[in-house]
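All chains should be modelled from the sequences, with the hints used to inform the complete structure.
2 protein chains.
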Amino acid sequence: MTADLQAISLRRRAVQAAMGQIPFDRLLKHARLIDMVTGEIRRVDIGLIGPMIASVHPCSEDFAALETLELAEAYLSPGLIDTHVHVESSHLPAHRYAQIVVAQGTTTIYWDPHELANVLGVAGVRYAVDSSRNLPLRVICAAPSSVPSTPGLETSGADFRGKEMQTMLEWPEIAGVAEMMDMHGVINGSERMLEILAAGLRSGKLIEGHARGLKGQELQAYLAAGVGSDHELTSADDALEKLRAGLNLQIRGSHPYLLPDIVNVLKTLPHLSSQITLCTDDVPPDFLLARGGMIALVNTLIDCGLRAEDVLRMATFNAALRLQRADLGLIAAGRTADFFTFDSLEKIQPQKVFVAGMCVADQGSMLAAEIEPEEALQPPRDTMHLSPVTESDFQLKIPGIQHGQAKLRHIKGARFTQWSETMVEVRDEVAQLPDGFSLIWVQHRHGKYPATPQMALLEGWGELRGAIATSYSHDSHNLVVLGRNPADMAIAANHLIACGGGMALSQNETLLASVEMPIAGMLSDLPTKLLAEQFNNLREKSALIADWEPPYRVFKAIEGTCLACNAGPHLTDLGLTDGATRQIIDPLVDAWEVTVS
Amino acid sequence: MTADLQAISLRRRAVQAAMGQIPFDRLLKHARLIDMVTGEIRRVDIGLIGPMIASVHPCSEDFAALETLELAEAYLSPGLIDTHVHVESSHLPAHRYAQIVVAQGTTTIYWDPHELANVLGVAGVRYAVDSSRNLPLRVICAAPSSVPSTPGLETSGADFRGKEMQTMLEWPEIAGVAEMMDMHGVINGSERMLEILAAGLRSGKLIEGHARGLKGQELQAYLAAGVGSDHELTSADDALEKLRAGLNLQIRGSHPYLLPDIVNVLKTLPHLSSQITLCTDDVPPDFLLARGGMIALVNTLIDCGLRAEDVLRMATFNAALRLQRADLGLIAAGRTADFFTFDSLEKIQPQKVFVAGMCVADQGSMLAAEIEPEEALQPPRDTMHLSPVTESDFQLKIPGIQHGQAKLRHIKGARFTQWSETMVEVRDEVAQLPDGFSLIWVQHRHGKYPATPQMALLEGWGELRGAIATSYSHDSHNLVVLGRNPADMAIAANHLIACGGGMALSQNETLLASVEMPIAGMLSDLPTKLLAEQFNNLREKSALIADWEPPYRVFKAIEGTCLACNAGPHLTDLGLTDGATRQIIDPLVDAWEVTVS
Numbered sequence: 001m002t003a004d005l006q007a008i009s010l011r012r013r014a015v016q017a018a019m020g021q022i023p024f025d026r027l028l029k030h031a032r033l034i035d036m037v038t039g040e041i042r043r044v045d046i047g048l049i050g051p052m053i054a055s056v057h058p059c060s061e062d063f064a065a066l067e068t069l070e071l072a073e074a075y076l077s078p079g080l081i082d083t084h085v086h087v088e089s090s091h092l093p094a095h096r097y098a099q100i101v102v103a104q105g106t107t108t109i110y111w112d113p114h115e116l117a118n119v120l121g122v123a124g125v126r127y128a129v130d131s132s133r134n135l136p137l138r139v140i141c142a143a144p145s146s147v148p149s150t151p152g153l154e155t156s157g158a159d160f161r162g163k164e165m166q167t168m169l170e171w172p173e174i175a176g177v178a179e180m181m182d183m184h185g186v187i188n189g190s191e192r193m194l195e196i197l198a199a200g201l202r203s204g205k206l207i208e209g210h211a212r213g214l215k216g217q218e219l220q221a222y223l224a225a226g227v228g229s230d231h232e233l234t235s236a237d238d239a240l241e242k243l244r245a246g247l248n249l250q251i252r253g254s255h256p257y258l259l260p261d262i263v264n265v266l267k268t269l270p271h272l273s274s275q276i277t278l279c280t281d282d283v284p285p286d287f288l289l290a291r292g293g294m295i296a297l298v299n300t301l302i303d304c305g306l307r308a309e310d311v312l313r314m315a316t317f318n319a320a321l322r323l324q325r326a327d328l329g330l331i332a333a334g335r336t337a338d339f340f341t342f343d344s345l346e347k348i349q350p351q352k353v354f355v356a357g358m359c360v361a362d363q364g365s366m367l368a369a370e371i372e373p374e375e376a377l378q379p380p381r382d383t384m385h386l387s388p389v390t391e392s393d394f395q396l397k398i399p400g401i402q403h404g405q406a407k408l409r410h411i412k413g414a415r416f417t418q419w420s421e422t423m424v425e426v427r428d429e430v431a432q433l434p435d436g437f438s439l440i441w442v443q444h445r446h447g448k449y450p451a452t453p454q455m456a457l458l459e460g461w462g463e464l465r466g467a468i469a470t471s472y473s474h475d476s477h478n479l480v481v482l483g484r485n486p487a488d489m490a491i492a493a494n495h496l497i498a499c500g501g502g503m504a505l506s507q508n509e510t511l512l513a514s515v516e517m518p519i520a521g522m523l524s525d526l527p528t529k530l531l532a533e534q535f536n537n538l539r540e541k542s543a544l545i546a547d548w549e550p551p552y553r554v555f556k557a558i559e560g561t562c563l564a565c566n567a568g569p570h571l572t573d574l575g576l577t578d579g580a581t582r583q584i585i586d587p588l589v590d591a592w593e594v595t596v597s
Numbered sequence: 001m002t003a004d005l006q007a008i009s010l011r012r013r014a015v016q017a018a019m020g021q022i023p024f025d026r027l028l029k030h031a032r033l034i035d036m037v038t039g040e041i042r043r044v045d046i047g048l049i050g051p052m053i054a055s056v057h058p059c060s061e062d063f064a065a066l067e068t069l070e071l072a073e074a075y076l077s078p079g080l081i082d083t084h085v086h087v088e089s090s091h092l093p094a095h096r097y098a099q100i101v102v103a104q105g106t107t108t109i110y111w112d113p114h115e116l117a118n119v120l121g122v123a124g125v126r127y128a129v130d131s132s133r134n135l136p137l138r139v140i141c142a143a144p145s146s147v148p149s150t151p152g153l154e155t156s157g158a159d160f161r162g163k164e165m166q167t168m169l170e171w172p173e174i175a176g177v178a179e180m181m182d183m184h185g186v187i188n189g190s191e192r193m194l195e196i197l198a199a200g201l202r203s204g205k206l207i208e209g210h211a212r213g214l215k216g217q218e219l220q221a222y223l224a225a226g227v228g229s230d231h232e233l234t235s236a237d238d239a240l241e242k243l244r245a246g247l248n249l250q251i252r253g254s255h256p257y258l259l260p261d262i263v264n265v266l267k268t269l270p271h272l273s274s275q276i277t278l279c280t281d282d283v284p285p286d287f288l289l290a291r292g293g294m295i296a297l298v299n300t301l302i303d304c305g306l307r308a309e310d311v312l313r314m315a316t317f318n319a320a321l322r323l324q325r326a327d328l329g330l331i332a333a334g335r336t337a338d339f340f341t342f343d344s345l346e347k348i349q350p351q352k353v354f355v356a357g358m359c360v361a362d363q364g365s366m367l368a369a370e371i372e373p374e375e376a377l378q379p380p381r382d383t384m385h386l387s388p389v390t391e392s393d394f395q396l397k398i399p400g401i402q403h404g405q406a407k408l409r410h411i412k413g414a415r416f417t418q419w420s421e422t423m424v425e426v427r428d429e430v431a432q433l434p435d436g437f438s439l440i441w442v443q444h445r446h447g448k449y450p451a452t453p454q455m456a457l458l459e460g461w462g463e464l465r466g467a468i469a470t471s472y473s474h475d476s477h478n479l480v481v482l483g484r485n486p487a488d489m490a491i492a493a494n495h496l497i498a499c500g501g502g503m504a505l506s507q508n509e510t511l512l513a514s515v516e517m518p519i520a521g522m523l524s525d526l527p528t529k530l531l532a533e534q535f536n537n538l539r540e541k542s543a544l545i546a547d548w549e550p551p552y553r554v555f556k557a558i559e560g561t562c563l564a565c566n567a568g569p570h571l572t573d574l575g576l577t578d579g580a581t582r583q584i585i586d587p588l589v590d591a592w593e594v595t596v597s
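Which chain is which? The protein sequence lines are S and H, in order.
Each residue of the first sequence is one higher than the one before, counting from 1 in the UniProt record's numbering.
Each residue of the second sequence is one higher than the one before, counting from 1 in the UniProt record's numbering.
Wrong hints could be hidden among the right ones.
Copies of the same chain are indistinguishable here, so a pair counts whether it falls within one copy or spans any two.
To be verified - Quick list of in silico lysine-lysine cross-link-like pairs, DSSO-like style, CA-CA up to 30 Å:
(1) Lys-29 to Lys-215
(2) Lys-163 to Lys-205
(3) Lys-163 to Lys-29
(4) Lys-267 to Lys-347
(5) Lys-556 to Lys-529
(6) Lys-352 to Lys-163
Note that these hints are calculated values from the structure, not bench results.
See below:
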């Protein structure tokens with residue numbers, strides 16, 4: 001419960017107003033309430049006192065109010081609650097993120113500041129918590145569990161064990177342990193994950209899962225460890241097995257192609273469980289602005305054939321149950337006055353959005369001017385701990401071979417990667433990129449050790465016509481560059497090193513586009529609209545460089561290309577990793593001189 | 001979460017067993033699992049490690065176990081969870097109560113030790129908590145909020161305000177504030193109830209309601225105060241209004257005549273909400289033994305037309321949601337192994353009952369010998385702070401009238417009482433009971449002040465042929481005697497004063513039957529079966545004394561006849577009270593001498 005609703009003076013006023021003894025602060029008249037409990041749509045008036053609902057009663061002229069608002073038969077739903085999100089993927093600081101999603105009907109998020117933590121450690125989580133205060137969005141934070149996600153296979157900016165987890169769980173703003181991405185460590189009992197689990201279990205707070213691809217014995221083992229939820233759904237069968245297993249099923253919007261099948265399987269079940277909630281996970285800024293976060297997912301699920309009332313229950317009341325927040329998720333006396341109006345059950349478009357009793361948005365826009373972050377807040381900058389690079393840093397060296405050949409292991413595929421091998425020519429100790437291949441390059445950027453670049457051949461992306469660089473690369477957020485031309489790669493990398501991080505494209509030895517993200521190398525200082533334009537421009541321009549899939553997928557692939565916790569080969573700051581064996585593999589199989597005849 | 005499941009070593013073993021790396025401690029084979037999430041019935045095996053479920057998987061021969069139990073296609077449900085009970089109404093100490101209800105499939109109760117608190121104050125709640133340890137029943141305690149229930153209209157053995165509430169809420173065994181019976185104080189903002197509410201809101205724990213008869217503005221006001229649940233359902237309309245209002249609807253078994261209508265109204269709703277749970281509230285010992293507690297309610301609801309799967313979900317998973325216990329209510333890896341087997345969905349008869357992974361009951365009986373209470377536990381005795389009474393104590397005095405008449409206010413009706421007035425003859429300052437009337441007599445028994453008996457005329461019970469006395473009388477549990485003959489009344493009262501409390505019947509100046517309850521004047525030392533026999537005997541014999549309704553109702557009426565928090569007139573230790581005006585009313589309207597001609 002928020003401190004707000006604990007005040008007995010507020011409660012007393014609400015009781016008096018409900019009894020008609022004093023006027024409501026605000027009275028909303030003639031709403032069509034979506035009743036999340038009974039599934040009915042009921043005509044009601046709603047009286048508010050401060051941030052709280054004091055009364056939900058049949059439409060009546062018997063109550064007085066300081067302010068009356070005619071809703072004229074508009075539908076009314078509790079505010080949407082996002083049960084799992086990394087705000088960092090919007091590249092917006094929390095106050096700007098809030099402005100976008102609140103106008104879309106989202107009033108509460110459960111933020112896992114996993115990306116900030118991987119750059120800045122506990123201080124990054126503290127920044128997330130501090131930057132979440134006094135916003136029109138209710139932000140509940142989780143304590144990142146996987147810093148780094150794949151210990152031993154990558155180095156991020158910090159290293160969380162039990163002690164760090166305990167520290168964060170003691171903060172009242174932290175409601176639980178965030179997604180346990182190191183599934184391998186959880187199931188195999190790594191010392192680190194046991195420490196983190198122990199701290200989580202002791203705290204009695206939530207423990208969130210990341211059960212990607214887990215099934216059968218591994219899935220049961222993951223639950224036995226204490227994990228309570230999952231958002232990493234990969235198919236309808238996967239969703240059904242996880243629901244049956246007892247996980248809170250967090251249907252996410254970032255993989256919409258899965259949703260029709262998931263909806264179909266849910267509709268075959270005798271009971272539509274309160275264990276189903278909705279989340280966004282990762283949404284880039286232009287999509288967040290144009291299509292929306294939670295609201296896009298809600299409408300997609302309605303399009304897939306679920307009743308609007310049922311989808312909204314998942315997005316509101318069920319989420320409050322999951323988060324054990326009896327003050328949220330329902331338009332009922334005694335709960336927080338977070339809700340929004342809309343006009344059609346076919347496509348839900350939030351109109352007026354109320355947060356803690358105040359109308360803060362209308363018709364998709366916030367009513368107030370831009371929210372300013374708190375003055376005392378110092379966003380973390382200067383996190384690119386790297387010196388400028390040169391072209392020669394982008395040469396894949398095969399030491400000792402002047403003119404010869406090398407057999408190299410490489411990464412095949414852009415999103416679901418596989419191992420492969422290829423023969424390359426070597427000249428003056430430098431491997432020559434074969435036709436149709438590109439290069440991936442990763443350098444540690446957190447200053448934890450003298451950074452040596454790692455490189456590997458990429459098959460399946462075609463020949464990149466330039467370079468793509470990013471300091472936002474899950475989960476360690478080292479500096480990643482993809483390309484063929486060392487000059488282009490150096491230009492993009494140096495731009496990010498100079499500006500404090502972000503994303504950049506280069507071509508023909510010129511910077512083609514960039515988005516600067518000087519806060520932790522992942523958040524922008526730009527106004528949202530400008531950021532979204534720049535981001536969209538960058539994404540569209542990536543099509544000039546890469547042929548693989550439409551630009552949307554290019555970007556998802558780049559952000560995920562170092563995700564060493566997943567199956568298959570991935571390049572990290574420590575080298576070429578194998579997700580199955582959890583080993584670092586030398587890309588060089590063999591190399592030999594070839595005498596030129 | 002119980003301390004049990006927080007141990008990382010236990011979790012580690014469970015993970016290893018789920019992975020097939022070590023044997024399960026116990027393996028239950030070939031169950032038909034009632035899946036509380038999906039509503040399906042699934043064939044599974046269940047592997048346990050210690051008190052925890054480690055794996056729920058398709059039937060398989062691939063797992064080893066130290067002990068294997070063949071369930072032979074028996075159904076399996078999570079253990080029943082009673083969301084609101086006063087154990088005291090069984091007149092059994094907790095360890096004996098546990099033996100009865102666990103064998104009936106109840107594995108968790110949320111106990112409001114309201115009656116013990118009204119006799120003994122915080123020490124009574126402490127006794128409840130201490131007597132709940134190390135039982136096969138998981139007992140979660142609530143902090144009684146209404147001691148006394150109707151301040152100013154009655155005196156109980158203690159007086160709880162904010163300080164006492166805060167003390168109890170700081171105990172880890174206390175999960176919330178128990179039913180706020182003083183609805184009037186909550187709605188009208190009495191200083192006492194505001195202090196208690198403030199302590200509850202500050203704690204962030206549950207706040208339970210008692211919304212008897214509340215509707216419209218009063219119901220909304222009661223929710224606005226912070227109350228989250230109600231079990232005082234009086235009709236289907238009442239239940240529907242409360243469900244819509246946002247209360248957790250605790251359907252109770254003690255008023256079964258309401259259930260068909262409530263089920264019918266629930267079936268008309270578009271959604272069967274997770275907000276519906278089940279509770280027993282008050283069950284006397286003979287009914288508990290013969291018909292059962294939660295299990296009787298479950299079967300009644302099935303008889304009323306709900307699907308067994310839906311009723312069981314209310315009694316298990318929904319209850320765990322309400323109590324915010326993510327470790328209970330579901331047969332899933334990582335949760336507590338509390339469940340029971342049964343053979344038919346038409347009438348559920350628990351066979352094997354497992355608590356924390358151990359089979360503790362089979363075929364309706366506990367497997368172990370009688371549980372002994374902990375040695376250190378000192379049940380509170382000697383709580384009848386009264387000297388013996390005499391016949392003259394049972395005379396309704398009209399001072400100053402030697403031969404005359406008096407007009408007296410009296411209580412009309414046995415359960416839903418109304419005010420009425422009658423003329424009586426007065427001889428030697430003593431009112432003569434008119435034909436068809438009886439007398440109710442209440443004396444403070446907690447030693448808080450020198451006890452003066454209170455008396456009033458009763459209409460609607462007929463002429464009692466003897467006396468009925470009890471020290472268990474909601475909510476202040478003073479000594480209550482009903483009768484016509486002062487000699488009989490004194491015999492019954494003196495028996496209870498001498499034996500430490502309980503219930504007694506007398507007739508023809510002889511003790512007819514009694515049940516001694518020397519612990520707090522409400523709990524028996526007898527073995528359950530003997531207590532139930534004595535209680536049943538007492539109840540049956542009450543028909544020799546009273547004509548009003550069958551004996552069951554007589555006893556409900558007697559236990560509730562001093563319930564001053566309800567509407568209508570009630571006699572308490574302070575006098576004749578009015579539930580509507582919250583005043584104490586002098587029964588004497590007028591009195592005058594009549595000259596005998």
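Right, here's what the structure says about each hint:
1. Taking CA atoms no more than 30 Å apart as the test, Lys-29 paired with Lys-215 passes between copies only; the shortest distance there is 20 Å, against 50 Å inside one copy.
2. When the C-alpha separation of Lys-163 and Lys-205 is checked against a cutoff of 30 Å, the pair qualifies both within a copy, at 16 Å, and between copies, at 28 Å.
3. When the C-alpha separation of Lys-163 and Lys-29 is checked against a cutoff of 30 Å, the pair qualifies neither within a copy, at 52 Å, nor between copies, at 41 Å.
4. Taking the shortest Cα distances, Lys-267 and Lys-347 sit within 30 Å of each other both inside one copy (20 Å) and across copies (28 Å).
5. In this assembly of identical chains, the alpha carbons of Lys-556 and Lys-529 lie at most 30 Å apart only when taken from the same copy (21 Å versus 69 Å across copies).
6. For the identical chains of this complex, Lys-352 and Lys-163 are neighbours neither inside a copy (44 Å) nor across copies (43 Å), given an alpha-carbon limit of 30 Å.
In summary, the structure is inconsistent with hints 3, 6 from the numbered list given earlier, while agreeing with the others.
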